[in-house]
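2 protein chains.
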Amino acid sequence: MYRDRIRLAALQDRIMSADEAAGLIRDGMTVGMSGFTRAGDCKAVPVALARRAATDPLQITLITGASLGHDTDKILAESNVLARRLPFQSDATLRRKINGGEVMFIDQHLGETAELLRSGQIGPVDIAVIEATAITETGGIVPTTSVGNSASFAKMAKQVIIELNLNMPSGLEGLHDIAFPVQRPYRQPIPLIAVEQRIGLPYIPIDPSRIAAIVITQRDDSPSNALPPDAETNQIAGHLNALLEREVRAGRLSPTLQPLQAGIGTIANAVLHGLADSPFHDLTMYSEVLQDSTIALIDAGKMRFASAASMTLSAPVYRRVLDNIEHYKSKLVLRPQEISNHPEVLRRLGLITINTALECDIYGNVNSTHVGGTHMMNGIGGSGDFARNAYLSVFVTKSVAKDGKISSIVPMVTHVDNSEHDVDILVTEHGLADLRGLAPRERALQVINNCTDPAYRDSLLDYYRRACLRGGQTPHVLEEAFAWHTHYRDHGTMLTPAGKPANEPLAA
Amino acid sequence: MYRDRIRLAALQDRIMSADEAAGLIRDGMTVGMSGFTRAGDCKAVPVALARRAATDPLQITLITGASLGHDTDKILAESNVLARRLPFQSDATLRRKINGGEVMFIDQHLGETAELLRSGQIGPVDIAVIEATAITETGGIVPTTSVGNSASFAKMAKQVIIELNLNMPSGLEGLHDIAFPVQRPYRQPIPLIAVEQRIGLPYIPIDPSRIAAIVITQRDDSPSNALPPDAETNQIAGHLNALLEREVRAGRLSPTLQPLQAGIGTIANAVLHGLADSPFHDLTMYSEVLQDSTIALIDAGKMRFASAASMTLSAPVYRRVLDNIEHYKSKLVLRPQEISNHPEVLRRLGLITINTALECDIYGNVNSTHVGGTHMMNGIGGSGDFARNAYLSVFVTKSVAKDGKISSIVPMVTHVDNSEHDVDILVTEHGLADLRGLAPRERALQVINNCTDPAYRDSLLDYYRRACLRGGQTPHVLEEAFAWHTHYRDHGTMLTPAGKPANEPLAA
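If you're matching them up, the sequences are chains G and E in order.
Under the UniProt record's numbering, read the first sequence as residues 1 to 508, first letter to last.
Under the UniProt record's numbering, read the second sequence as residues 1 to 508, first letter to last.
The following block holds chain G by itself, in its conformation from the complex (with noise of 0.2 Å):
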């Protein structure tokens, strides 16, 4: 039943089992693998890997879109398989061990890894592991859920395994454009002008030679893990909503917006949730991921096309959408992550970004992966990428975690990732910091006063205004800008036993 997707038929003698596939990988080499966020992962290789690491020990360099499904992460850092990873990860299995310091873990901008891997200066890739739909009569390689870097990586490895999955439908055919940068110099333009636009192939084109192996996989998507909208969460979007109102009638934005992109997770997902119930239409997505809520807006007739590198959906909507792909493929699109994160085109598109904060400062420096300043979470993924060259960049948190022991406004973020420059609007629950155009002092008080919880709220202007009083364009008491991190991590709270945050002056 699998021999009709693999349409060269000189390629059909490259079957083989995941182990031998697997056999292939050897210590040290550098690995670029398919998956992002979940979508379009390997399925068998990785694990025969890991297996096969248990009597033969290895150790690999390994790329990916992003994160991968399947607790692949996991089972490869159990097996001690991995030395080096970038440029993203989700998984706490791993994320203990790059926080430990045995893997070695490079956080990139998404959309820069393909740009690096060209010029030679990261890499080079020895083997890809790409998982696809089909393969052409050129032997073309048909992506699957996602597209990722898994084009770069064919184009450059030494050697291809191609894993074919079965699940998913041939119908995907015809939904990926598959386009690069010209090599430099005189490098083109990317000709990319509209979110519906097609610039490429259907298909990965590659040397079929450098096919060595295919495995056969049955095998669906690991199921998105974003929470559904909660009361919170409607509030942050209702609060954007309003904002983008007054937009409309201010002349700036027409009720078609622009092009929406949101980050992978649940605020930015329920936030998208709630462009359903706004006053605007005929929206359109330019983003690195697909959401439930992208489906649920093209399914509400809301939205008309939407653009990314991969989908990752819940088990339903993601049923609902592979068993009638003819459909939904007239009004979706997914490319190489170096073209869906790329500055010019987003700088050109003008993208209403949304992005979700770990933690921000009273004057808007955003920090999207380190608690604490030194522990990873998952990686800065596409948010600089899209912050910094939006039509408007908008960072969702709720305002407070772990039960209100930890404030997301703080009075100086530990680690930056997307500095005050990148950041023009903050929303949390509570409201909404319209920061365009407003010098740092200015910011301060819109994020306080709009955005805090109010637990921690006269605790930071207190900080502010003691800050004020040492003058600067962003004033800081630098001994006290992290005393509530450092209380949280000694005490599991920022709040004192009196409720009261922990840089209260003692006199107080």
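Just so you know, the hints here were simulated from the structure itself, not pulled from any lab data.
Some hints here could point you the wrong way.
Because identical chains cannot be distinguished in the list, a pair is counted as satisfied if it fits within a single copy or across any two copies.
Capping the alpha-carbon separation at 20 Å, the derived lysine to any residue pairs in SDA-like fashion look like this [what the hints assert, rightly or not]:
(1) K331 to A242
(2) K331 to Y186
(3) K158 to G251
(4) K302 to P185
(5) K405 to L478
(6) K74 to G301
(7) K158 to R252
(8) K302 to R320
(9) K402 to G251
(10) K405 to P454
Please read all numbers here as calculations on a predicted model, not as lab measurements.
On the provided structure of chain G, position chain E as indicated by the hints.
Just chain E now, with coordinates in the frame of chain G:
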């Protein structure tokens, strides 16, 4: 003698005094003025405005390209004319008012200001004041030694005041290339694919009916205040040249390198001077400012073409270039800063960018702006535009400042302008850290061992090792992270009386 420079006869009756023209500016207005890194600034109207404010107080929002010459920011600040200032400045008096909270300073990526104005998210500009070499038959404005944001201001302002500077040679006409991104939706690609390419007009096209005043001036630009190369900047240049030679040998660069960018100021200028002694040839530049070093490389036959938004030269070099402008015009072009700093063009061309760090931390995060984390120096300028989109992002700094009392390499920077993600190479006089493809723990050892002054090296290593005991992707001892900075603030040095950095454990 100046009437032949106003080639649209109908405009000749708009000539008036600077005082009369300044009278058009009213309290509360937003004024866009030409001027970028001291070049091509308005030389008469701002002074007249300050004079008037002595008896007729008024406050404005002043937007420029970048910094101004002729003490204009000082004069305007002292006369309390400035309520708000963006996107850059470098004046000591204005800086004091900014840090005192008296002037609201909005520190922006220099490539973004025009975009924010165009979309109505800042502004609108009431009056533009633009220095010109000539006015064409159609009323087009021929700029002088900078373009900066002048073209955007002239296009968007309700009224335009022109300062026609007779000291500027008529031969400057033809030096400029004025083009804008097209309004959305369906914005087209910017067609620039080579440094020397012209994509626009040699003048700023505007409706002449909006030209409200023409003021005749006769004054040179303020000379550059960059210092000549010294022993340490020569060492920095040597380390960078050695790296570039290694890159050429590795086949990653050709001997013509990639187009170069260098930030304003002494160190970047000196590093560029150092390329005169390199084996590279047929160099090109795509920068925001041309300094003496660019002219020296052109004169030496090392550089074949340079593109920027302004040229800021020392007095003798300024004289030589203006007196021989027909010769230099075939090797130079000045563009709007939106184009010189545009992410689309920068990522496409693939630059080697050289920018100056105020301080850098052991993980390669760069503070470009805030002394002690709080007090503004000049502004982020174009460093973010260039570093983020670079082929190779280099930051340079001397390892110490204030006779060794400040280490430019610190445990944690007190403000982040350019994050680890955007810093590939760090160079001091002691050596070079090649951070490409490295995880933070690996970056730290490179930075500490290669770039730090010996007086601070052991202490940084000790900080790093103790931080690692606490774990993390980016290990820190939060409560000590700013100890050097607070010690400097309180004692005027980062060193203890024993000559050790101030975070040494007490028992040591």
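query: Within a copy, between copies, both or neither: where do K74 and G301 come within 20 Å Cα-Cα?
result: Cα proximity of K74 and G301: none, with 39 Å in one copy and 57 Å across.
field: Homo-oligomer pair classification [P454, K405; C-alpha up to 20 Å]
entry: This pair counts as within: shortest intra-copy Cα distance 13 Å, inter-copy 42 Å.
- request: Tell me, please, which holds for K302 and P185 at an alpha-carbon limit of 20 Å: within, between, both or neither?
  value: Cα proximity of K302 and P185: across copies only (19 Å, versus 42 Å in one copy).
Alpha-carbon proximity context of K402 and G251, limit 20 Å: Intra 40 Å, inter 52 Å, cutoff 20 Å: neither.
- prompt: For the identical chains here, do K302 and R320 meet the 20 Å Cα criterion within one copy, between copies, both, or neither?
  reply: So K302 and R320 pass the 20 Å test inside one copy only (18 Å; across, 62 Å).
field: Homomeric proximity label, K405 with L478: Cα distance no greater than 20 Å
entry: Between copies, since 19 Å is at most 20 Å while 22 Å is not.
- request: Please work out whether the CA atoms of K331 and A242 approach to 20 Å or closer within one copy, between two copies, in both situations, or in neither?
  value: neither (27 Å within a copy, 52 Å between copies)
Alpha-carbon proximity context of K158 and R252, limit 20 Å: between (50 Å within a copy, 18 Å between copies)
- request: Go through the copies and call it for K158 and G251: within, between, both or neither, with a Cα cutoff of 20 Å.
  value: between (53 Å within a copy, 18 Å between copies)
query: With identical chains treated as interchangeable, where does the CA-CA distance between K331 and Y186 reach 20 Å or less: within a copy, between copies, both, or neither?
result: Cα proximity of K331 and Y186: across copies only (19 Å, versus 33 Å in one copy).
Of the numbered hints stated above, those contradicted by the structure are hints 1, 6 and 9, listed in ascending order.
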